[in-house]
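Protein chains in written order, with our numbering: chain A, 35 to 335; chain B, 35 to 335.
A portion of the hints provided could be inaccurate.
Intra- or inter-copy, both count: the list cannot distinguish identical chains.
[Said to hold, decoys possible] No farther apart than 25 angstroms at their CA atoms in a straight line, the calculated lysine to any residue pairs in the SDA-like style are these: (1) Lys-241 with Gln-195; (2) Lys-52 with Ala-90; (3) Lys-241 with Asn-304; (4) Lys-241 with Gly-190; (5) Lys-67 with Ala-188; (6) Lys-241 with Ala-200; (7) Lys-241 with Thr-263; (8) Lys-241 with Ser-199; (9) Lys-241 with Arg-280; (10) Lys-241 with Met-196; (11) Lys-241 with Glu-194; (12) Lys-67 with Asp-281; (13) Lys-52 with Thr-112; (14) Lys-241 with Ala-90; (15) Lys-241 with His-305.
Just so you know, the hints here were simulated from the structure itself, not pulled from any lab data.
There are 2 protein chains.
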Amino acid sequence: MIGASFVLGLRQAGLVGKVVGVDVAEAELVTAKTLGIIDETATIDTLPPVDLIIIATPVGVMPRIFNALAHYPWLADTLITDVGSTKQSVIAAAEAAFPDWPRNFVPGHPVAGREYIGVAYAVADMFDGFRVVLTPHEKNDHGAVMRVAALWQACGAHVEQMSASAHDRVLAATSHLPHVLSYCLMESLATTEYETSIFDYAAGGFKSFTRTASSNPVMWRDICLNNNTDILYWLDHYLDTLAEMRDLIADEAGDELLAVYERAKSIRDNHIHLTQTQSVAKSSDTATQTLASFVSKDKTK
Amino acid sequence: MIGASFVLGLRQAGLVGKVVGVDVAEAELVTAKTLGIIDETATIDTLPPVDLIIIATPVGVMPRIFNALAHYPWLADTLITDVGSTKQSVIAAAEAAFPDWPRNFVPGHPVAGREYIGVAYAVADMFDGFRVVLTPHEKNDHGAVMRVAALWQACGAHVEQMSASAHDRVLAATSHLPHVLSYCLMESLATTEYETSIFDYAAGGFKSFTRTASSNPVMWRDICLNNNTDILYWLDHYLDTLAEMRDLIADEAGDELLAVYERAKSIRDNHIHLTQTQSVAKSSDTATQTLASFVSKDKTK
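Generate the whole structure from the sequences, applying the supplied hints.
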């Protein structure tokens with residue numbers, strides 16, 4: 035869904051020629067071709083030379099992909115990026131696979147998505163107005179970073195750069211932890227005597243709270259395995275906070291509960307509604323101006 | 035928002051004449067009158083005789099309301115219902131206020147709502163397709179129960195009956211617990227060194243997970259105080275489950291994590307999408323047929 039949406043966004047911007055799709059699931063390739071997302075297919079071991087490679091798999095698969103890519107002699111001329119949710123593990127996988135860091139591989143992560151799975155759910159405006167975080171390596175070619183930024187900006191995204199470690203710590207809080215909590219609610223309720231009949235009484239709050247529990251299980255297993263230190267940092271703090279709130283409820287500490295709920299509402303109302311409309315200002319404009327020079331059209335062989 | 039939406043739904047169905055609004059917040063009454071939701075205002079101590087009273091306040095306020103209502107000599111001719119999220123505490127408050135249980139008071143709870151606060155967010159179709167649970171008292175007049183059911187059905191709701199204790203236990207799982215977990219996430223993240231800048235990286239998952247944290251803090255404090263036994267039943271189980279998941283993540287137990295995530299996704303995909311389209315079948319149809327005889331129009335004095 036994410037990789038195909040990136041392709042659709044680039045197609046809409048007129049920035050790609052021929053697109054070659056690679057997937058272990060044959061049905062996904064058929065769907066992608068039917069929908070006009072890809073033009074032809076290949077395997078990871080039979081790639082033709084291309085201008086751009088977008089790696090959009092669960093992060094647990096990336097070591098295998100980098101190992102395969104490392105054999106292609108034409109790779110030095112190819113721009114490479116990924117959309118993985120954990121950046122330190124992706125960078126470590128690339129470092130392990132390539133004798134020298136591939137200067138044209140720019141690790142990235144779009145902070146966007148939905149709980150659906152597969153190319154059938156891809157849309158061209160998936161990233162319009164959303165943030166994309168790039169976590170360049172110190173050995174990255176600056177031009178490659180600018181070109182990847184320009185590609186995302188052409189899809190309407192706000193592009194930012196930060197270190198891979200900062201990315202993993204922050205996203206563990208705002209994305210990975212909520213997914214774990216959401217999965218845990220389903221697991222917790224499913225393992226009681228009440229079973230599934232209680233879900234008949236799930237209103238809007240429950241539905242939105244557990245929306246993320248409909249996400250791709252393999253993707254989220256891989257994220258938990260590849261960013262467990264940062265997830266545990268926040269998860270342990272969450273467990274402590276929840277134990278404190280449990281005691282406030284048990285003690286009927288109304289004033290303290292009210293203070294917690296008012297603070298939560300205030301922060302959410304003030305900070306969450308803004309994020310999608312925020313611009314990353316000057317840097318985007320500069321990078322957008324470089325679009326014409328860095329992205330060459332219809333060059334895919 | 036809930037009470038005014040009920041009024042708008044009844045207005046749309048042509049089932050109410052004059053509507054008298056009561057609220058401690060003067061601004062809410064002005065808004066309600068401007069929007070055509072209410073026709074005139076009163077205080078809880080200066081109510082004119084009415085055919086129907088809808089109590090739509092945080093549950094912590096209900097004892098005071100019942101105490102005031104108990105003084106009205108005309109109350110035996112009035113249908114009364116409420117929309118409180120905890121039913122045992124509401125019933126206990128009514129039992130304490132009235133020397134005899136008011137046979138025409140039918141406790142109810144619409145399993146619907148949004149995170150907004152106030153009459154300005156009221157909409158006539160708020161309950162269309164959603165469940166409303168009635169928890170009648172053993173001393174309730176059967177006709178009163180049928181009339182309240184018919185009023186909700188006129189707003190498009192599916193009406194069910196269950197015991198107050200069953201309601202409180204089930205809703206603690208599907209509504210109260212998720213709200214506590216959502217408030218806790220905001221509190222947990224807000225009490226770290228990272229503060230609010232991390233919320234810039236909140237994508238769709240975080241937004242939907244914390245949507246409920248924008249709900250009315252007073253309402254949710256009251257729910258926690260009035261249903262704490264049932265909330266703690268589920269919360270303690272959640273804490274245990276989360277501690278187990280924490281250990282799976284720490285131990286990098288990929289197979290076990292995948293099993294949890296697949297089970298969660300399967301349950302959610304199979305059970306949550308259905309709830310809004312499920313009908314409560316025969317009982318609704320029967321009750322709808324009684325609408326004409328039980329609900330008398332334009333009788334409000």
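**Asked** What hints, given by number in increasing order, does this structure fail?
**Response** 12
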